[in-house]
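If you read the sequences in order, they're chains H and U.
Under our numbering, residues 1 to 370 are what the first sequence spells out, in order.
Under our numbering, residues 1 to 359 are what the second sequence spells out, in order.
Everything labelled a hint here was simulated from the structure, so no lab data went into it.
Straight-line alpha carbon distances no greater than 30 Å define the calculated DSSO-like cross-link-like pairs of lysine-lysine that follow:
{"hint": "1", "chain 1": "H", "residue 1": "Lys199", "chain 2": "U", "residue 2": "Lys167"}
{"hint": "2", "chain 1": "U", "residue 1": "Lys221", "chain 2": "U", "residue 2": "Lys348"}
{"hint": "3", "chain 1": "U", "residue 1": "Lys338", "chain 2": "H", "residue 2": "Lys199"}
{"hint": "4", "chain 1": "U", "residue 1": "Lys117", "chain 2": "U", "residue 2": "Lys167"}
Using C-beta positions, here's what the derived DEER-type ranges look like:
{"hint": "5", "chain 1": "H", "residue 1": "Glu210", "chain 2": "U", "residue 2": "Ser55", "range": "28 to 38 Å"}
{"hint": "6", "chain 1": "H", "residue 1": "Val142", "chain 2": "U", "residue 2": "Pro229", "range": "48 to 58 Å"}
{"hint": "7", "chain 1": "H", "residue 1": "Leu214", "chain 2": "U", "residue 2": "Gln225", "range": "45 to 55 Å"}
All C-beta atoms, glycine included, are put in the ideal place defined by N, C-alpha and C.
Below, each chain spelled out in residue letters.
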Amino acid sequence: MTDSKVSPANETPETPGTGEGGEVRTSHAGNPAEDATRPDQVDESPAARAAGAARREALGRVLQQHGALIVLAVLVAVGSVAFDFFATAENAASVVVSSSFLAVIAIGMTFVIISGGIDLSVGSLFVLGGVLAAYGSQAGAVVALLLPLVVCGTVGLVQGLIIARTGMAPFIVTLAGLLGVRGLMLAISDEGATTYLVKDAAFARLGQGELLGLTYPVYIAGVLALLGMLLLQRTGFGQNVFAIGGNEHAATLMGVPVARTKVLVYLMSGLLAGLAGALNAARLSSGVTILGIGLELDVIAAVVIGGTLLTGGAGSVTGTVSGVLLLGVIQSLINQVGDLTSSFQQVVSGGFLALVVIAQRLLSKAQRLT
Amino acid sequence: MSMDPGRHLRMAALTLAVVLAAAGCAKSEQTAAAPAASDTQGRQVVQTPTGEAGSTCTLDQFGGTKFDLKAATVGFSQSEKEANPFRIAETKSIKDEAAKLGIRKLRVTNAQSQFSKQITDVQQLIAQGAQLLVIAPLNSDGWEPVLQQASAKKIPIITVDRKINAKPCGDYLTFIGSNFYEQGKRAADQMIKALDGKGKVAILLGAPGNNVTTERTDGFKEQIQKQAPGIEISFEQTGEFAREKGQQVTEQLIQSNPDINGIYAENDEMALGAVTALKGAGKEPGDIKIVSVDGTRSAVQGIVDGWLYSVIESNPRFGPLAFETAQKFLDGGPIPDKVIISDREYGKDTAKAGLDEAY
Chain H
1 MTDSKVSPAN ETPETPGTGE GGEVRTSHAG NPAEDATRPD QVDESPAARA AGAARREALG
61 RVLQQHGALI VLAVLVAVGS VAFDFFATAE NAASVVVSSS FLAVIAIGMT FVIISGGIDL
121 SVGSLFVLGG VLAAYGSQAG AVVALLLPLV VCGTVGLVQG LIIARTGMAP FIVTLAGLLG
181 VRGLMLAISD EGATTYLVKD AAFARLGQGE LLGLTYPVYI AGVLALLGML LLQRTGFGQN
241 VFAIGGNEHA ATLMGVPVAR TKVLVYLMSG LLAGLAGALN AARLSSGVTI LGIGLELDVI
301 AAVVIGGTLL TGGAGSVTGT VSGVLLLGVI QSLINQVGDL TSSFQQVVSG GFLALVVIAQ
361 RLLSKAQRLT
Chain U
1 MSMDPGRHLR MAALTLAVVL AAAGCAKSEQ TAAAPAASDT QGRQVVQTPT GEAGSTCTLD
61 QFGGTKFDLK AATVGFSQSE KEANPFRIAE TKSIKDEAAK LGIRKLRVTN AQSQFSKQIT
121 DVQQLIAQGA QLLVIAPLNS DGWEPVLQQA SAKKIPIITV DRKINAKPCG DYLTFIGSNF
181 YEQGKRAADQ MIKALDGKGK VAILLGAPGN NVTTERTDGF KEQIQKQAPG IEISFEQTGE
241 FAREKGQQVT EQLIQSNPDI NGIYAENDEM ALGAVTALKG AGKEPGDIKI VSVDGTRSAV
301 QGIVDGWLYS VIESNPRFGP LAFETAQKFL DGGPIPDKVI ISDREYGKDT AKAGLDEAY
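Using the sequences plus the hints, can you model the full thing?
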């Protein structure tokens, strides 16, 4: 069993034409891009066709990933015209600062989803990371930072090992993580009733210090996004993540270290969620225990809006950053209206998300046609 | 890609997760000592005469500048969805009073029970030029970023119903709300009366991390310990101020502790959830005595129907008092560091008449 995917062997009976007896073509595993390699298409140069298909696909991907960016730009433009206080430095700062924590988690989630998995434990790891950081701050800034990283990293590592070694579905493994980790957080905070305060000034400065009107976590998120981008696009590890998500069976045959890559991906996701929690605790000066409920869904939404395929195999960190900012901008626009009831606010943000995804799909289709 | 079955399954599971996560929380408060006149029905009454011996705050001490409330931008940050009577009444009261006073630039945000969102909400209210902030805080700690920004701009913050752990007349102006410890104590008195001083009692705790839950719990426990050592608190678990959660916890409770005599619910929503659970288990009204805090109409009706023994009120109608306090502050008057309102209580004999004042 390889997570939620169907291996090519199981797929074969569903391939059109195989039920008619006679010759069974199993050479392509349902990937249209590989049509060019079909042996009967000899009238056209296979290489040229492959190049054309690859180019179309590349363009489609670019558009899919920049769809979020385009929608983001449109929303910002509309918001600036429609509302007096939208395009102010102060409002922009509030959007960017609050997005930075989500962005840190979403970078890890991008890798997980591209690899064909999902990590539902990040919301719980975020709150646990914050509580541990505040607790650890009694012993200084280093402990405050290391304690959440070690614990959340370990949780990520264990989840990764279970997923990679047993082939259990990431959804279930990390759902167990979501529940278990929140339970752990409640256990160390007296059922959530004890809020540890950040005692260490140096650690608090990590979350509150400002440079050019933006707090440090914004820059940390920026650097991490850059590193994530390089790791995904320019390294063998990144290629392995894509390969596993595209077709795990093929990746295994190609000699990609599937298990190791998966473990690393979940380890990274756990570490980043813990780090985001710690930075947030520094910002709030306390280990607030009611955070992170449903956060995993926001993160997944941001990643998918950013153009990463929920089924894996395609995606980018830049798209994810756009997706995170898009969510922040939508919230900010709702606040600019200023008198929507809470239920209607939810309708509006749900509607916006649907619009974004549809716009993205149309954009990438339009691009494919040209 | 030919992975559609997996994808559909995942989407379905995600949708399910969204629905499950949508269960909110609730909470509340109100006034009891002096029955309000009928023209100001259910209005909050300040318990302690203003200008009490405690420390007070004036505009000069705070360091702010006077502005015209009517022309000002006022921000109200609500913590939870308006999905329970307390929050509905609270938001409505603020909006109605602002409309009545002619404050046209009232901006309302709702954090949907997400604390990170509430912080961002308030920061964006400040970015919109709010000169006065009324905040119903979701959590008591973690307000550092907001307080820094507001105090740099000398924006007075009035917190309603829950407290912020910070310095009054500096980080924030004042807190308006009930004496939750007292509410817990009065609930204990009712429970003692209901059980004749002996029996086993369960507590449905509120959401963790705020002063309301802590104080309602402490007040209840300490009073029970002092007045009725014959009552044993044999079960306590959080129902997060939500009806579904209260029902769920009570279902577990009657499985694990079938000999329970009373339930103290720290808000009405959980008490109503408990009633549903008891009905489901085939109990009759009055088999298990329920005492709760809030004073919502459904709960007071519950007393009339015999399911609830007593309800200690907690008044959510903060609008008039909040703007009155703000105006007095702007006029240079002394503002106490906390404005405690007095809360009514409903029992079997007063419930029917009290239905009109419940919210």
